[in-house]
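Visitor: For reference, the chains in residue letters:
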Amino acid sequence: MSLAAEAFVSQIAAAEPWPENATLYQPLREDQILLSDCASSLAVQAYLRMLGLPVRVHCRANAEYMSPSGKVPFIHVGNQVVSELGTIVQFTRAKGHSLSDSLDDVQRAEMKAYMELVNNMLLTAEMYIQWCDENTAAEITRPRYSSPYSWPLNHILAYQKQWEVRRKMNAIGWAGKSLEQVYEDVSQCCQALSQRLGTQPFFFNKQPTELDALVFGHLFTILTTRLTSDELMEKVKSYSNLLSFCRRIEQTYFESQDRDSQSGALDFSKGPSLM
Amino acid sequence: MAAPSELFCWKGSWGLPSVDTDSLIVLAYARFAGTPLKVHKISNPWRSPTGSLPALKTKEDGSFSQPSKIIIQLRKQKYNADYDLSAKEGADTLAFISLLEEKLMPALIYALWIDPKNYAEVTRHWHAENICFPLNFFLPSRMQAQQLDRVRLMRGNSTLEAGEEAEKELYSDALECMNLLSQRLGSNRFFFGDSPSSLDAYVFGYLAPLLKIRLPSSKLQQHLTALENLTTFCSNILSLYFPDENQERIGHPASNVQEGSNFDREPYKRRKQLLSVLVAVAAMLGYAFLTGIVAIEHVKEEGLTGNTTSTDLNDEEE
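Respectively, the protein sequence lines represent chains A and B.
Everything in the first sequence is counted per my numbering, starting at 21 for the first residue and increasing by one.
Everything in the second sequence is counted per my numbering, starting at 3 for the first residue and increasing by one.
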């Protein structure tokens with residue numbers, strides 16, 4: 021897209037208010053969605069709830085193929101389709117909704133850096149555990165990923181995806197890591213987040229930012245998802261301030277709002293809650 | 003005390019201690035922490051103990067090749083540049099290294115290996131010149147294929163190719179990353195106070211090549227030179243921790259500076275002068291031979307038969 025066209029689109033985006041019928045698409049919640057996709061989807065939902073923008077969650081078996089970038093989740097707002105948290109943050113800012121405007125330059129730099137830390141370490145670790153740990157891949161990931169498809173397509177698609185993820189791990193130097201080393205990385209990442217959070221209610225002062233949404237999405241999903249082993253969950257559980265951070269965001273943005281809104285716009289019912 | 007570990011890394015050029023980002027990171031960290039290392043600057047990755055560069059070879063624990071692993075290993079030997087950092091600063095280090103890896107690394111690879119003009123004129127040229135004979139024919143193109151593959155997988159875009167679209171996408175991330183780094187650094191000398199840490203080594207490793215290598219298409223470089231605090235940060239590290247590289251440059255500054263301005267014209271000019279002189283000499287000699295040889299043979303032949311023409315020739319020559 022040329023620069024002029026892009027500027028034009030963002031002008032349109034700015035002109036149109038947030039519609040009531042915005043939709044978020046993700047894979048099927050019960051049978052199909054994987055840990056990493058669920059985390060990303062939850063992060064986007066948390067972000068939009070923090071902004072107070074309504075969005076309806078739709079589950080589609082082919083969400084991955086509907087998305088413009090091939091990644092879930094994506095949102096459909098007016099006549100535009102936007103995928104992934106980073107782009108969605110830019111999109112909402114163009115519409116005049118932003119969580120990070122009150123930060124100064126250094127804080128914004130740090131916020132971006134920590135968001136990349138989560139993407140670089142937590143998300144990659146989730147992908148590694150899902151697809152490269154043969155136990156998890158055989159018992160959970162491949163059957164879930166291919167659940168909507170019939171034989172032989174289910175096997176073809178699952179192995180194709182696994183092959184792709186493994187090549188990526190190879191390219192970024194994770195292929196040589198053992199499962200223990202990956203858990204160690206997760207632990208290091210949580211340690212960094214926990215240090216950064218300290219005793220504050222949110223990562224930057226008293227206001228939530230997109231970083232809070234992203235961290236919540238990943239940690240909450242890790243804490244509430246059952247895998248072949250509990251080790252990943254245990255790593256996160258050893259940081260008490262991160263646990264109470266997740267609980268706080270869940271209560272503020274998910275439970276209370278769900279109670280208030282009877283419109284059915286928000287159908288968020290995750291598995292076991294943290295309480 | 004055991005003998006120092008050995009470090010294998012890419013050799014330097016353009017006033018850099020090494021041309022490769024990962025090698026630069028390790029070299030800078032080792033200098034910051036004051037590690038005694040036996041450094042081998044080589045240009046043949048096959049001579050490294052792990053088959054890739056950089057590589058650290060230790061007596062006790064074998065060899066390591068990723069910068070993060072090498073740094074952990076150096077830390078185990080009690081050479082820790084991050085000793086003074088608080089836990090929160092340690093967390094910030096981790097976060098900013100992730101930022102560099104996710105946002106700046108793809109653009110850096112693009113600028114050096116994928117952009118067709120830069121690759122042909124600078125990267126391939128340098129590698130072909132510096133890698134030893136049979137390898138230099140296929141190693142550069144193999145490295146390029148690997149780097150392209152890496153960017154494609156990192157971005158999750160299997161059709162990414164050199165072109166405006168990819169460049170715009172990667173460079174906008176990289177420019178944002180540089181701005182963020184510049185904001186974070188502010189007017190400080192290093193990222194955390196007055197002494198350098200591992201984050202400084204990483205930032206230096208990513209930015210110094212952009213600053214020093216002269217690339218034909220240089221959007222990233224232009225943006226970086228506009229961020230003054232980052233450029234002084236890099237040149238500070240170069241002059242403080244790698245003075246020998248600088249001396250090398252100061253050693254023959256005249257030739258370097260002049261070559262900088264007249265680099266393209268100077269050798270061609272001389273070659274042209276030499277060629278024209280050679281052509282002129284050849285033409286004169288040819289003419290002389292065409293007429294002269296005949297005459298000389300004439301002289302010899304005439305010398306055998308009679309003297310009349312030989313005196314004529316002598317007159318002509320005089």
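Quick caveat, the hints were computed from the structure, so don't treat them as lab data.
Mixed in with the good hints there might be a few duds.
[What the hints assert, rightly or not] Ranges of calculated distance between the beta carbons of each label pair, as one might list FRET restraints:
#1 B:Ala130 <-> A:Lys257: 53 to 59 Å
#2 B:Ala228 <-> A:Arg267: 28 to 34 Å
#3 B:Lys119 <-> A:Asp125: 40 to 46 Å
[To be verified] A few chain A residues that don't get close to chain B, going by computed Cβ distances all over 12 Å:
#4 Ser89
#5 Glu130
#6 Tyr134
#7 Gly196
#8 Glu200
#9 Tyr203
[As the list claims (entries may be wrong)] In the PhoX-like style, the derived pairs of lysine-lysine whose C-alpha atoms are separated by at most 25 Å in a straight line are:
#10 B:Lys78 <-> B:Lys59
#11 B:Lys90 <-> B:Lys119
#12 B:Lys78 <-> B:Lys43
#13 A:Lys115 <-> B:Lys170
#14 B:Lys40 <-> B:Lys90
#15 B:Lys43 <-> B:Lys214
#16 A:Lys226 <-> B:Lys90
#17 B:Lys170 <-> A:Lys91
#18 A:Lys197 <-> A:Lys226
#19 A:Lys197 <-> B:Lys13
#20 A:Lys255 <-> B:Lys43
#21 A:Lys257 <-> A:Lys197
#22 A:Lys197 <-> B:Lys61
#23 B:Lys71 <-> B:Lys90
#24 A:Lys188 <-> B:Lys170
#25 A:Lys181 <-> A:Lys197
#26 A:Lys257 <-> A:Lys226
#27 B:Lys90 <-> B:Lys13
#28 B:Lys78 <-> B:Lys90
#29 B:Lys59 <-> B:Lys71
#30 B:Lys90 <-> B:Lys61
#31 B:Lys90 <-> A:Lys257
#32 B:Lys43 <-> B:Lys71
#33 A:Lys197 <-> A:Lys115
#34 A:Lys255 <-> B:Lys221
#35 B:Lys221 <-> B:Lys119
#36 B:Lys119 <-> B:Lys214
#37 A:Lys91 <-> A:Lys181
#38 B:Lys78 <-> B:Lys61
#39 B:Lys59 <-> A:Lys197
#40 B:Lys214 <-> B:Lys13
Using N, Cα and C, we set each Cβ at its ideal position, and we do this for glycine too.
Visitor: Honestly, which of those hints from before does the structure not fit?
Guide: Going through the list in order, the structure violates hints 2, 3, 4, 5, 6, 7, 11, 14, 18, 19, 20, 27, 30, 33, 34 and respects the others.
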